Amino acid sequence: MIFHFRCVVQWIFVSLFFCHAYSGDSDLESSSPLEDDPDFPDTGPWIPSLYFEEMRADKVMKGPSSTIYASTKYVVNKPSKEGTSNKEVTETDMYLLNAIEKLAYKFEALEKRVRRTEELIFHVMEGSNIKRQDACPANFTRVARNCYHFSDREYNWKSAASMCKSLGSNLLEIESRDEFMEVVTFIQATNHLRGYEFWTGGLNPGLLWIWANSARPVLPKKPSNRPEETVVGSGRCLSLALNKSKLYQYQGVDCGHRTRYICEHEENATIRALKRIQKSLHIKEGDASQ
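As numbered in mature numbering (1 follows the signal peptide of the UniProt record, and there is no 0), residues -21 to -1, 1 to 269 make up the sequence shown, in order.
Note that these hints are calculated values from the structure, not bench results.
Note that this is a predicted model, so its numbers are computed, not measured.
The beta-carbon is built from N, C-alpha and C at its ideal position, and this holds for glycine as well.
Please note that the accuracy of each hint is not assured.
[Unchecked claim] Result set (SDA-like, lysine to any residue): computed pairs, CA atoms no more than 25 Å apart in a straight line:
#1 223 - 94
#2 144 - 159
#3 91 - 137
#4 200 - 144
#5 223 - 134
#6 144 - 235
#7 137 - 92
#8 223 - 118
[To be verified] Restraint-style ranges between C-beta atoms, simulated for each label pair:
#9 173 - 145: 40 to 48 Å
#10 145 - 114: 17 to 25 Å
#11 236 - 95: 21 to 29 Å
Please model the complete structure; the sequences and the hints are all you need to start from.
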């Protein structure tokens, strides 16, 4: 009796086991989504494991994805194509242009100051080297070694030359750079003369500038850009006038223009003529005085 009971119990457990196994296989087969895929390969031993891995991955908790994007926007200075020019004006170009303009302005101002300082130094040094000389005639003023008359009335060039003749003199004839500096420095240092234009004895008949009384050339053979070696303007008569830098230089103006004039005493011209003759004959001063 007991033996039969044990057999019945074993048979029940075996039946339950097989029923459970059969139901599990049917659930697996019915719940697999891969069977409906026509491209899915034949069932094999690795399919269940792959399928369970997929199910396991679906059950894993997924957090918010944080995607990192790398910037690829680089600034590349590409050279311009041949035959094309970049016409854009940069800030650096404007800065350099402004600096060049300031430098040119400062250079011009410095040039003016140097020229005026040169005139002042020359005047001081020349004054200290002047020996005691006889007084100039009436209406004439001694400047360095020569005597000059500076008019305060205005005439044209021909009338000015006649006025100088009536005073026993000629219109100013400058023969050296030193004399030019002496006359100009004196004018700049004298209040009632500074800033005015003055006739000189220079004349241009058509070929070159000459001094009317001595017929000597006004400019040297190799003129430079210095005021005493250049003539500006298109006139036929020569004057001393201020330029844009407020410095005196030679200027050719119309002979009918009315302005002041400078006369040079005749004695000065005679002495200089004798010195030129003496120099041409190679006579020393000691020999000439004997």
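Discussion item. Hint by hint, where does the structure go against what was stated? Just the numbers, ascending.
Written reply: 3, 4, 7, 8, 9
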